[in-house]
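Participant: Taking the hints into account, I'd like the entire structure generated from these sequences.
So the protein lines, in turn, are chains D and S. Be aware that the first sequence starts at 176, since it is given in my numbering, and climbs by one per residue. Be aware that the second sequence starts at 9, since it is given in my numbering, and climbs by one per residue.
Everything labelled a hint here was simulated from the structure, so no lab data went into it. Given the structure is predicted, the values throughout are model-derived calculations rather than measurements.
Examples of chain S residues lying across from chain D (beta carbon under 8 Å, computed): (1) Leu-55; (2) Arg-59; (3) Ala-62; (4) Glu-65; (5) Glu-69; (6) Thr-75; (7) Val-77.
Computed spacing ranges between beta-carbons, pair by pair: (8) Leu-198(D) to Ala-37(S): 42 to 50 Å; (9) Glu-218(D) to Ser-35(S): 48 to 56 Å; (10) Met-364(D) to Leu-12(S): 57 to 65 Å; (11) Ser-88(S) to Ser-327(D): 26 to 34 Å; (12) Pro-338(D) to Arg-87(S): 24 to 32 Å.
Quick reminder that beta carbons are idealized off the backbone N, C-alpha and C, glycines included.
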Amino acid sequence: MPDVVLITGTRKGIGRYLVDHYLAKGCVVTGCSREPFEGPVPENYFHFIADVTDERAMVAMVRTVQQRFDGITVLVNNAGIAAMNHLVLTPMTTVQRIFATNVFGTFVALRECAKAMMPARYGRIVNFATVATPLNLEGEACYAASKAAVESLTRVAARELAPFNITVNAVGPTPVMTDLIRTVPKKKMDALIGTQAIRRMGEHRDIANVIDFFVSRESDFITGQTIYLGGIN
Amino acid sequence: MEDLKRRAFEIVSKAVVELAEDMGFPSLASPVETTPLFGGEDGIDSLSLVRLVADIERAAERDLGKTIVLADERAMSRRSSPFRTVGTLSELLYERAGESHA
Numbered sequence: 176m177p178d179v180v181l182i183t184g185t186r187k188g189i190g191r192y193l194v195d196h197y198l199a200k201g202c203v204v205t206g207c208s209r210e211p212f213e214g215p216v217p218e219n220y221f222h223f224i225a226d227v228t229d230e231r232a233m234v235a236m237v238r239t240v241q242q243r244f245d246g247i248t249v250l251v252n253n254a255g256i257a258a259m260n261h262l263v264l265t266p267m268t269t270v271q272r273i274f275a276t277n278v279f280g281t282f283v284a285l286r287e288c289a290k291a292m293m294p295a296r297y298g299r300i301v302n303f304a305t306v307a308t309p310l311n312l313e314g315e316a317c318y319a320a321s322k323a324a325v326e327s328l329t330r331v332a333a334r335e336l337a338p339f340n341i342t343v344n345a346v347g348p349t350p351v352m353t354d355l356i357r358t359v360p361k362k363k364m365d366a367l368i369g370t371q372a373i374r375r376m377g378e379h380r381d382i383a384n385v386i387d388f389f390v391s392r393e394s395d396f397i398t399g400q401t402i403y404l405g406g407i408n
Numbered sequence: 009m010e011d012l013k014r015r016a017f018e019i020v021s022k023a024v025v026e027l028a029e030d031m032g033f034p035s036l037a038s039p040v041e042t043t044p045l046f047g048g049e050d051g052i053d054s055l056s057l058v059r060l061v062a063d064i065e066r067a068a069e070r071d072l073g074k075t076i077v078l079a080d081e082r083a084m085s086r087r088s089s090p091f092r093t094v095g096t097l098s099e100l101l102y103e104r105a106g107e108s109h110a
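Facilitator: Written as structure tokens, this is what we have:
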């Protein structure tokens, strides 16, 4: 039986890369985004137009995937948004939007997929953190705080779901060239990369590598962990 | 309506019996409406409740064609828990199934 992988935020960027990555490994891959999938839909990939902040839509999507494929093996909680600004200049609506996607969206996908994983008493859940949290990056107060919440959620969920043999971990990427950081000035980006032990921009494959480790069958003793890329700790 | 009520009770009862078999709860082997579930001295533990809720939601999807989340705000803010007995949980499922669209 191939793994059934659900990835949120698959229209482009890292999510889109992970679709191809897990299809290439022979998995059945399902995913969602607010907008239609960009480009031709690959074989064995099933796309849902669903906003992670819409609880009803997420519940319906997860139940549909569960029924169609008789369970879900892997959840990659990739969907996320960022807004970079000094906190004094950050409107409350921005804070709400960031938390709605990054924290509440991660939560509802995690909750529903955990239910779908319980009958098989097996599951792998990977959330997305960020190096902005341990680095306390200025200009990213809301984004870093939302991802700190995701890390905490990861640790507690790991304990609550361990009895069902479901592991919950998080990957904390360094900057990767995506829409999230396209507007960040080069000088600022260079300074950020300068804080890493390994001073280069992250790549999609770096993130996929950590996720591969977390979701492997052999990683059944690894849970509640956040792995940061680039030598940040 | 009576039919839905009966089916809701059947779904809950079946899930409770399966839980009883798997987890070793002899007091739940033949559930009736007053059978205690969660919150009392003789009830199930929280982990078993988690499993029971997930099992019932899945069965509702399969048998009733309804997408239901039992632990929603209204259920969790009730003065008395809907997870107390087989009867109260069946009533909650009946209510949500009546509201839910397939």
